[in-house]
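**Student:** Read off the chains here:
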Amino acid sequence: MTILVIAEHDNKVLAPATLNTVAAAAKIGGDVHVLVAGQGAGAVAEAAAKIAGVAKVLAADNAAYAHQLPENVAPLVAELGKGYSHILAAATSNGKNILPRVAAALDVDQISEIISVESADTFKRPIYAGNAIATVQSNAAVKVITVRATGFDPVAAEGGSAAVEAVGAAHDAGISSFVNEELAKSDRPELTAAKIVVSGGRGMQNGDNFKHLYALADKLGAAVGASRAAVDAGFVPNDMQVGQTGKIVAPQLYIAVGISGAIQHLAGMKDSKVIVAINKDEEAPIFQVADYGLVADLFEAIPELERLV
Amino acid sequence: MKVLVAVKRAIDPNVKVRVKADGSDVELNGVKMALNPFCEIAVEEAIRLKEKGLASEVVVVSVGTSAAQEQLRTALALGADRALLVETDAVLEPLNVAKYLSKVIDQEKPQLILFGKQAIDQENNQVGQMVAQLIGSGQATYASAVDHVDGQWVVEREVDGGSQVVALAMPAVVTCDLRLNQPRYASLPNIMKAKKKPLEIIAADTLGASVKEHARLLGVVPPAVRKAGINVGSVAELVDKLKNVAGVI
Chain A
1 MTILVIAEHD NKVLAPATLN TVAAAAKIGG DVHVLVAGQG AGAVAEAAAK IAGVAKVLAA
61 DNAAYAHQLP ENVAPLVAEL GKGYSHILAA ATSNGKNILP RVAAALDVDQ ISEIISVESA
121 DTFKRPIYAG NAIATVQSNA AVKVITVRAT GFDPVAAEGG SAAVEAVGAA HDAGISSFVN
181 EELAKSDRPE LTAAKIVVSG GRGMQNGDNF KHLYALADKL GAAVGASRAA VDAGFVPNDM
241 QVGQTGKIVA PQLYIAVGIS GAIQHLAGMK DSKVIVAINK DEEAPIFQVA DYGLVADLFE
301 AIPELERLV
Chain B
1 MKVLVAVKRA IDPNVKVRVK ADGSDVELNG VKMALNPFCE IAVEEAIRLK EKGLASEVVV
61 VSVGTSAAQE QLRTALALGA DRALLVETDA VLEPLNVAKY LSKVIDQEKP QLILFGKQAI
121 DQENNQVGQM VAQLIGSGQA TYASAVDHVD GQWVVEREVD GGSQVVALAM PAVVTCDLRL
181 NQPRYASLPN IMKAKKKPLE IIAADTLGAS VKEHARLLGV VPPAVRKAGI NVGSVAELVD
241 KLKNVAGVI
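Residue numbers (our numbering), protein chains in the order written: chain A, 1 to 309; chain B, 1 to 249.
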C-alpha cells in the first residue's frame, strides 16, 4: 500500500494540518508520499521532505496550480492518484474543495472528515453535527479521504529526509480563474492549531468589546474565535467562526465567553480537552459541556481573568 | 438563462438526533424533516437572480424517496418555477446522487447549478464538487456572493483565512454558504400556488447513470459523553483550577 497525501500550503509555508494528515496516513500503514502542487513552492516541498515518515515528495510546480483551483489541481491528483491505495487531504477549505472532484474523476465516493482509522478500509466519522459517530467501510479501489485534523496528533515536522521528485504534468482546464483574495491578518496563532482558544458570542455586545478577549488571548498565547451569532452580528470576520459551518477546533483549553452553546457551535469545539464557560445565564446549554463554569458578567470576569493569569 | 437548484430533504436542524438502540443508524422514524438549511440558501439565491432579471427560469431538483416532494413543494412556494424528483429508495451515496444530477443537467442545460455547501445529516460536502467534475464545469464552493459579469459567474468564496474571488465560465457549479443570503419565508398564498406548479417525477433507473455501492455503514454510536463539570465561584478559583488541577495554563 502506498498513500498519497496532498500538502496544504500557500506556496510559502506548509500548513500544520498536513502533519495531522500524514499521521492519519501512518495509521493506515504503508509508504507515504506527499504531493505539493503550487507555484514557486520549493520551500514547501523541502519542508514536506523533512516530515517524519514521509518516503517521497512529488512537487508539481506550475502557474495553473498557483491558487489551488480545483479544476486544475483535481485532474493532476486523479492522474497521479491512480497508482495509490489511498489519497488523503486535510479537511480544510482547499481539501474539501478539491478532493470530491478527484473522487468523481476516479469514479469512487469520498469519505469525508474521518476522525479515526479502524483499518485500511474502515474509518470513523462524525455525522449530524457530531451527534453521532458513524463507522464506514469503503470498497473503493482508491480510497479518497479528507481528514479532520483535530482527530489525529500531528507527526513531527522534522526528522525525515525524503527525496523530492519534480512532476511535469500541467493541467489547465481554462474554465476558472482566480480574481483576488482578502486574508484576515492576525499575529495570534492559527485558530485550528492553537493550544488555547478564547471565543466570544453574542454576549460580547459589539465588535469593540472583543478587545477584552484579544487582551486575554495575548496573555495566554491563544487564538480568538467566535460563535455564529457574533459573526452574523458583524462583531468579527467570518473566518473566526467556530462550529459546524465554521472551523472545528480541539485545543487543550477552550474558553467560551458569552456563548449560549447551540448544537451547531458545540459541533466545532466539544472535543476540546478542557472547556471553560463564562456566562451570565446559568441555564445556558454551554454549562452542560463545560468542565469549569463561571456564572458572571463577562465584562467584570474577563479583565480580572487577564490580570490573574 | 436557466438556473437549476439541487435540494435535499434532511432532518430538521433543530431536532436533537438519537442513535437507534441497535446501533445500526440514527433514528429517523417520526422525526421532523425539512429542506436542508444550505439548500434553502441556494433556492433563495436563485430566486434573487430571477428577481434581478439574471435568471429566466428556476428549476429545483431532488434525488430521494417520494417524500422529498414535500421539500420540492416548499422550494416552489419560495418562488421556483418547476420541480423534478429523481425518485429512488436507495441509500443516497454522494457519487450516485451526482451522477443522477449530471444526467438531469444534460437534459435541462442550465447556465448555473446551485447547491448547498453540505447537507446537515451526512455532512459529506461532496455532491456539488462531484457534479462539477462530471459535467466538466468550474466550481465555486462556500459562496458568500454571486454575480454575473461579462459572461462569467464571479463568486466570492469563504476560505479558511478569509475570502477569495474566482471567475467561472458558464455553465458553472456554485455551492452556497451560510452568509450568502437570508432565505425568505413562504407566504400562505404562495404555498397554495405551489400546489399547482409542475412537479415531474423521474424514476432514477431511467436516467442511465452507472451507479454502484461505494461504502457500507457498519454502525453508529453516540459521541463520547463529557464527564460533568463543576461551577466555580470566582475568577480566582477558576484560575487556580486551570493552573493546578487541569494544568492547561
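By construction, these hints were calculated from the structure, which means they are not laboratory data. Among these hints, one or two may not hold up.
Going by beta-carbon spacing under 10 Å, a handful of chain A positions derived as facing chain B [as the list claims (entries may be wrong)]:
(1) I28
(2) G30
(3) N62
(4) A63
(5) H67
(6) L69
(7) T92
(8) P100
(9) D109
(10) D172
(11) I196
(12) K280
(13) E282
(14) L305
So these bits of chain B aren't anywhere near chain A, every CB distance computed over 12 Å [stated by the list, open to error]:
(15) K16
(16) E27
(17) K50
(18) G53
(19) S163
(20) R179
(21) I191
(22) L199
(23) A204
(24) R216
(25) G219
(26) P223
(27) K243
We treat Cβ as the ideally placed atom computed from N, Cα and C, and that holds for glycine.
**Student:** Checked against the structure, which of the hints given earlier come out wrong?
**Tutor:** Failing hints, ascending: 1, 2, 3, 4, 10, 12, 15, 16, 19, 20, 24, 25, 26 and 27.
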